[in-house]
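S.K.: Letter by letter, the chains look like this.
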Amino acid sequence: MFSYCLRRTLAAVPVMVVVALFVFLLLRLSPGDPAAIIAGDMATPEQLDRIRETLGLNQPMYLQFFNWSGDLLRGDFGTSLMSHLPVTTLMAQRLEPTVSLALLSMALSVIIAVPMGVIAAWKHGSLIDNAVMSLSVLGFSVPVFVIGYILIKIFAIDLGWLPVQGFSRISEDGVGAFLEHAILPAMMLSTIYIALIARMTRASMLDVLGEDFVRTAHAKGASEKRVLFKHALRNAGVPILEVIGTGFALMITGVVVTESVFNIPGLGRLTVDAILSRDYPVIQGLILVTSGAYVLINLAIDLSYALLDPRIRYQ
Amino acid sequence: MTTRILRRATAFRHRLLGGWVMTILLSSLAILTSLAATPVEANTIRAVMHSSLRVLDPITTTAHITRDHGYMIWDTLLGMDDQFQPQPQMADWSVSDDGMVYTFTLRDGLKWHDGGTVTAADVVASFKRWANRDGGGQMLMDHVESVEATDDKTMTLTLSSPFAYVLELMAKPSSVPLFVMPERIASKSPEETLTVEDQIGSGPFKFVADEYEPGNRVVYEKFEGYVPRKEPASWTAGGKVVNVDRVEWINMSDAQTALNALNSGEIDFLESPSVDLLPILQANPELTVEKLNALGSQTMGRFNFLYPPFDDPRIRRAALLAMNQTDVLASLIGNPEFYSTCASMYGCSTPLATDAGAPPSLIGGGDTEAAQKLLEEAGYDGTPVVLMQPTDVPTVSPQPVIGAQLLRRAGFNVDLQPMDWQTLVTRRASQQPPAEGGWNMFFTNWYIPEVWNPLVNPMLNGRGKDGGWFGWPDDPELEAMRNEFAKAGSDEERKMIAERIQKHAFDEVTYLPLGEYSIPAAWNNDLSGILHSPVPVFWNITKSE
Chain A
13 MFSYCLRRTL
23 AAVPVMVVVA
33 LFVFLLLRLS
43 PGDPAAIIAG
53 DMATPEQLDR
63 IRETLGLNQP
73 MYLQFFNWSG
83 DLLRGDFGTS
93 LMSHLPVTTL
103 MAQRLEPTVS
113 LALLSMALSV
123 IIAVPMGVIA
133 AWKHGSLIDN
143 AVMSLSVLGF
153 SVPVFVIGYI
163 LIKIFAIDLG
173 WLPVQGFSRI
183 SEDGVGAFLE
193 HAILPAMMLS
203 TIYIALIARM
213 TRASMLDVLG
223 EDFVRTAHAK
233 GASEKRVLFK
243 HALRNAGVPI
253 LEVIGTGFAL
263 MITGVVVTES
273 VFNIPGLGRL
283 TVDAILSRDY
293 PVIQGLILVT
303 SGAYVLINLA
313 IDLSYALLDP
323 RIRYQ
Chain B
57 MTTRILRRAT
67 AFRHRLLGGW
77 VMTILLSSLA
87 ILTSLAATPV
97 EANTIRAVMH
107 SSLRVLDPIT
117 TTAHITRDHG
127 YMIWDTLLGM
137 DDQFQPQPQM
147 ADWSVSDDGM
157 VYTFTLRDGL
167 KWHDGGTVTA
177 ADVVASFKRW
187 ANRDGGGQML
197 MDHVESVEAT
207 DDKTMTLTLS
217 SPFAYVLELM
227 AKPSSVPLFV
237 MPERIASKSP
247 EETLTVEDQI
257 GSGPFKFVAD
267 EYEPGNRVVY
277 EKFEGYVPRK
287 EPASWTAGGK
297 VVNVDRVEWI
307 NMSDAQTALN
317 ALNSGEIDFL
327 ESPSVDLLPI
337 LQANPELTVE
347 KLNALGSQTM
357 GRFNFLYPPF
367 DDPRIRRAAL
377 LAMNQTDVLA
387 SLIGNPEFYS
397 TCASMYGCST
407 PLATDAGAPP
417 SLIGGGDTEA
427 AQKLLEEAGY
437 DGTPVVLMQP
447 TDVPTVSPQP
457 VIGAQLLRRA
467 GFNVDLQPMD
477 WQTLVTRRAS
487 QQPPAEGGWN
497 MFFTNWYIPE
507 VWNPLVNPML
517 NGRGKDGGWF
527 GWPDDPELEA
537 MRNEFAKAGS
547 DEERKMIAER
557 IQKHAFDEVT
567 YLPLGEYSIP
577 AAWNNDLSGI
587 LHSPVPVFWN
597 ITKSE
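Order-wise, the sequence lines are chains A and B. Each residue of the first sequence is one higher than the one before, starting from 13 at the first, in this note's numbering. Each residue of the second sequence is one higher than the one before, starting from 57 at the first, in this note's numbering.
Simulated from the structure, these hints should not be mistaken for lab results. Misleading hints may appear alongside valid ones.
No farther apart than 25 angstroms at their CA atoms in a straight line, the calculated lysine to any residue pairs in the SDA-like style are these [stated by the list, open to error]:
1. A:K242 with A:T228
2. A:K165 with B:I336
3. B:K184 with A:D61
4. B:K184 with A:G52
5. B:K521 with A:P43
6. A:K165 with B:L333
7. B:K347 with B:S574
8. A:K165 with B:E342
9. B:K429 with B:P416
10. B:K244 with A:H96
11. B:K521 with A:D45
12. B:K278 with B:H169
13. A:K165 with B:V331
14. B:K521 with A:G52
15. A:K165 with B:S328
16. A:K165 with B:S330
17. B:K244 with A:T91
18. B:K286 with B:V300
19. B:K347 with B:N581
20. A:K165 with B:A311
21. B:K244 with A:P57
22. B:K184 with A:H96
23. B:K244 with A:E65
24. B:K244 with B:N188
25. B:K184 with A:D53
26. A:K165 with B:S309
27. B:K184 with A:E58
28. A:K242 with A:A318
29. B:K244 with B:D266
30. A:K165 with B:V345
31. B:K244 with B:Y268
32. B:K244 with A:P98
33. A:K165 with B:L334
34. B:K244 with A:E58
35. B:K286 with B:L348
36. A:K165 with B:D310
37. A:K165 with B:N340
38. A:K165 with B:A339
Computed from a prediction, not measured in an experiment: that's the story for all the values here.
Next up, chain A with everything else stripped away, as it sits in the complex (with noise of 0.2 angstroms):
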């Protein structure tokens, strides 16, 4: 186990030096220069070469190649051309919005779609299958900003429950403050992962369903809570764990719709923000940082796996 996971952690570092190098390379063949963001309307183009001259930005692409990579290896990520403060500081101060808002998201897809798929599964061609399929097919196919927006209308304008917009963090305000700001978001961000992990669980228990062990479980008198969550579940649970683990990784790094209707000083954001004002350190430090995220959770969705099947063994 200790030398896959070894073995599986190596070998994302050429993935990495690969992303590096593209992510550097598209942003400077990209059309757009810091500089001219930086210096504003009234620049002249003598005043633009010596702001790119401050900035290295004039200096030969490999050489800022070198350097980057050189101080990437030592840690240090380096500093937003705009705000002058280090990336990892910018990081930092949007990691937890993003982390704790897709965590709850992802608590409250499983918690409502597993269920959900199994009961459609368990009365396959019935109403309930039906309503649950139906719900699916709106979840997958109604924008996430639309669900967001009747959110709004309803529990925040309307009613007055909650607050339309903001972000508490647990760290500072508790996990009340945060729930509060954080639940809208959450229900507008699940409902596509509701969507999709319950289609899933259905499918997996509709074939674990049909199984003789299944039917042997039934015949030894076991009772349909055991033969569906013990028995069935468990063994439908693989594919259900790839779609969760998936998801998860894609929340991290595909919420800035949610974060833009709800106002959440998420990763997301950081990375539009960067992005439009051409801010490269920014921009490469979030993609280097998001793709070792990806492969992070991919490590641990294949390891996960031999927790729910024995037969899973890693060489």
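Based on the hints, put chain B in the right spot on chain A.
M.R.: Okay, now just chain B, sitting in the frame of chain A:
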């Protein structure tokens, strides 16, 4: 037996469903009933400005949000009042009889946020940094023999040749005001942008570095050591009396979210609401919706003078005839309550406002036939007009679409190229031919104080490729008239010269002024004393408990 199994199954199903539903309902109810929307704290103003604060140096950048940040923490040497007159702010002044020596004397009680005392050496360093960067400052420096601190509280500016616009340039409210910074900070080159540690001013608010989150939040605290002037506040002049403890600028990228936050009382002030959403704000009796910047902004189009077809004045004139302000403004703003046509390059509510040289068609619906005729006479050969269209900024994205349509109607071959604003900003600096990454035309907007006289209006700079603004017209006649304007001794003389300049600029079609607009701000009625000013300021505001 069968009945018992069915009963058990049904009971289990109910338990499963019921338990699941009840858990969710109870959890939700517990959360919802125990929590309510957090009201804004008393004595803290939460404001959503027009954009997020990225760059912290109001001298390096001309971004308006950075200028607004500058007004929070740095004081200005002079201010400008609502009669367009320079007024003392940090310093009073006297002028020698021959108009060649200006002496500025700092008032008492000026302290830096870190406890130091403001001295004339700080002012000299700040003046030099500003003059190095600002277009008006550069022009002023062409006439300056020396700037020096003659004692701790006195700065003396000696001219080498007559220049009558010294005080107006030093007092201008936008886009690069003369903010006074500590000498150690102002000694940096204008290209070396200031950092978080450099945010030390002597202004009415202090920057709270620990709470600064770029792209999300900027926090200011009242500077207890600030001594405001005694005169009533007017624009950037007069007493900057702070009546609140904190001001927080919260960035909201989504217009609907900002509107919801204001409607629900989670923020107090929204500087620039989306025009489409204004009726919702106006319908809320707990809010005030009002224009704070009565001068507004000018939207305009600019040609590249270096390459065909707009290197030919006849073709530029054809484009001028093809344009009409009403169509552009209607597509940009929509509601006529918030825009007006204006034939003045200096804005229509300013002392220099004039319609000299403007073709009637500009504010009268355009003259497509005349444009077609002129284009034919000029021998236009169908050279494509590369028109840059930013798609991500609502205040500059409609103009190119309408402009392209009006030009096509007149016979131009327009290549409308969509891009994001930052790409446009980069590309417009290119002096390459349009086919090699250059351009022929773009549109942008200006605050009226940035165009209100020939010295500060960047489009009226005729210095060409070296020193001119994007588009680079090389127009010595225009430059000579601007110099004449700078030396003019009376308001009447200035107005006459400004009219001549505008007439010349319309003849040469130096640029296309396409009308004015002013979007109101919206705020909670708990706020009072908000100043009408061309730049948003947070002094003088009181927030009721």
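S.K.: If a hint holds in the structure, say so; if it does not, say that too.
M.R.: Checked hints:
1. A threshold of 25 angstroms between alpha carbons decides the hint, and for A:K242 with A:T228 the separation of about 13 angstroms falls inside it, so the pair holds.
2. As the CA atoms of A:K165 and B:I336 are separated by approximately 14 angstroms, the hinted pair is consistent with the 25 angstroms bound.
3. The hinted pair formed by B:K184 and A:D61 meets the criterion: a straight-line CA distance of about 20 angstroms does not exceed 25 angstroms.
4. Distance restraint check for B:K184 and A:G52: the Cα-Cα separation of roughly 20 angstroms lies within the 25 angstroms cut-off, and the hinted pair is therefore satisfied.
5. Between B:K521 and A:P43 the alpha-carbon distance is near 22 angstroms, which keeps this suggested pair within the 25 angstroms criterion.
6. Restraint check for A:K165 and B:L333: the C-alpha separation of about 15 angstroms stays at or below 25 angstroms, so the hint holds.
7. Taking the CA atoms of B:K347 and B:S574, the gap is near 7 angstroms; set against the 25 angstroms cutoff, the hint holds.
8. Among the hinted pairs, A:K165 with B:E342 is consistent with the structure: their alpha-carbon atoms are about 19 angstroms apart, no more than 25 angstroms.
9. For a cut-off of 25 angstroms, the pair hint linking B:K429 to B:P416 stands: about 17 angstroms separates their Cα positions.
10. Among the hinted pairs, B:K244 with A:H96 is consistent with the structure: their alpha-carbon atoms are about 15 angstroms apart, no more than 25 angstroms.
11. Restraint check for B:K521 and A:D45: satisfied, since their Cα atoms lie roughly 20 angstroms apart, inside the 25 angstroms limit.
12. The suggested pairing of B:K278 with B:H169 holds, with an alpha-carbon distance near 10 angstroms, which does not exceed 25 angstroms.
13. For the hint linking A:K165 to B:V331, the alpha-carbon distance of about 21 angstroms falls within 25 angstroms, and the restraint holds.
14. Our distance criterion of 25 angstroms between C-alpha atoms is met by B:K521 and A:G52, whose separation comes to about 18 angstroms.
15. Simply put, A:K165 and B:S328 have alpha-carbon atoms about 22 angstroms apart, close enough for the 25 angstroms limit, and the pair holds.
16. With a C-alpha separation of about 19 angstroms, the suggested pairing of A:K165 with B:S330 holds against the 25 angstroms cut-off.
17. Taking the CA atoms of B:K244 and A:T91, the gap is near 19 angstroms; set against the 25 angstroms cutoff, the hint holds.
18. With a CA separation close to 19 angstroms, the supplied pair B:K286 and B:V300 stays within the 25 angstroms bound.
19. In summary, the hint linking B:K347 to B:N581 is supported, as the alpha carbons are separated by about 15 angstroms, within the 25 angstroms threshold.
20. A C-alpha spacing of about 15 angstroms is found between A:K165 and B:A311, which places the hinted pair at or below 25 angstroms, so the restraint holds.
21. Between the alpha carbons of B:K244 and A:P57 the distance comes to roughly 20 angstroms, so the proposed pair stays at or under 25 angstroms and holds.
22. Using a Cα cut-off of 25 angstroms, the hinted pair B:K184 and A:H96 holds, with the two alpha carbons roughly 23 angstroms apart.
23. Taking the CA atoms of B:K244 and A:E65, the gap is about 15 angstroms. The hint holds against a cut of 25 angstroms.
24. At most 25 angstroms may separate the alpha-carbon atoms for a hinted pair to count; B:K244 and B:N188 meet this at roughly 11 angstroms.
25. For a cut-off of 25 angstroms, the pair hint linking B:K184 to A:D53 stands: about 21 angstroms separates their Cα positions.
26. Our distance criterion of 25 angstroms between C-alpha atoms is met by A:K165 and B:S309, whose separation comes to about 19 angstroms.
27. Between B:K184 and A:E58, the direct Cα distance comes to roughly 18 angstroms. Compliance with the 25 angstroms bound is thereby established for this hinted pair.
28. Taking the CA atoms of A:K242 and A:A318, the gap is about 16 angstroms. The hint holds against a cut of 25 angstroms.
29. Restraint check for B:K244 and B:D266: satisfied, since their Cα atoms lie roughly 23 angstroms apart, inside the 25 angstroms limit.
30. For the given pair, A:K165 sits about 22 angstroms from B:V345 by alpha-carbon distance, which is consistent with the 25 angstroms threshold.
31. Under the criterion of a C-alpha separation no larger than 25 angstroms, the hint pairing B:K244 with B:Y268 is consistent with the structure, at around 22 angstroms.
32. At roughly 20 angstroms between alpha-carbon atoms, B:K244 and A:P98 fall within 25 angstroms of each other, so this suggested pair holds.
33. Distance hint between A:K165 and B:L334 is fulfilled; the C-alpha atoms sit about 18 angstroms from each other, no more than 25 angstroms.
34. Restraint check for B:K244 and A:E58: satisfied, since their Cα atoms lie roughly 17 angstroms apart, inside the 25 angstroms limit.
35. Note on B:K286 and B:L348: the hinted pairing holds, with a Cα-Cα distance of about 23 angstroms set against a maximum of 25 angstroms.
36. Using a Cα cut-off of 25 angstroms, the hinted pair A:K165 and B:D310 holds, with the two alpha carbons roughly 15 angstroms apart.
37. Under the criterion of a C-alpha separation no larger than 25 angstroms, the hint pairing A:K165 with B:N340 is consistent with the structure, at around 16 angstroms.
38. Restraint check: the Cα-Cα separation between A:K165 and B:A339 comes to about 17 angstroms, which is no more than 25 angstroms; the hinted pair holds.
Of the numbered hints stated above, none is contradicted by the structure.
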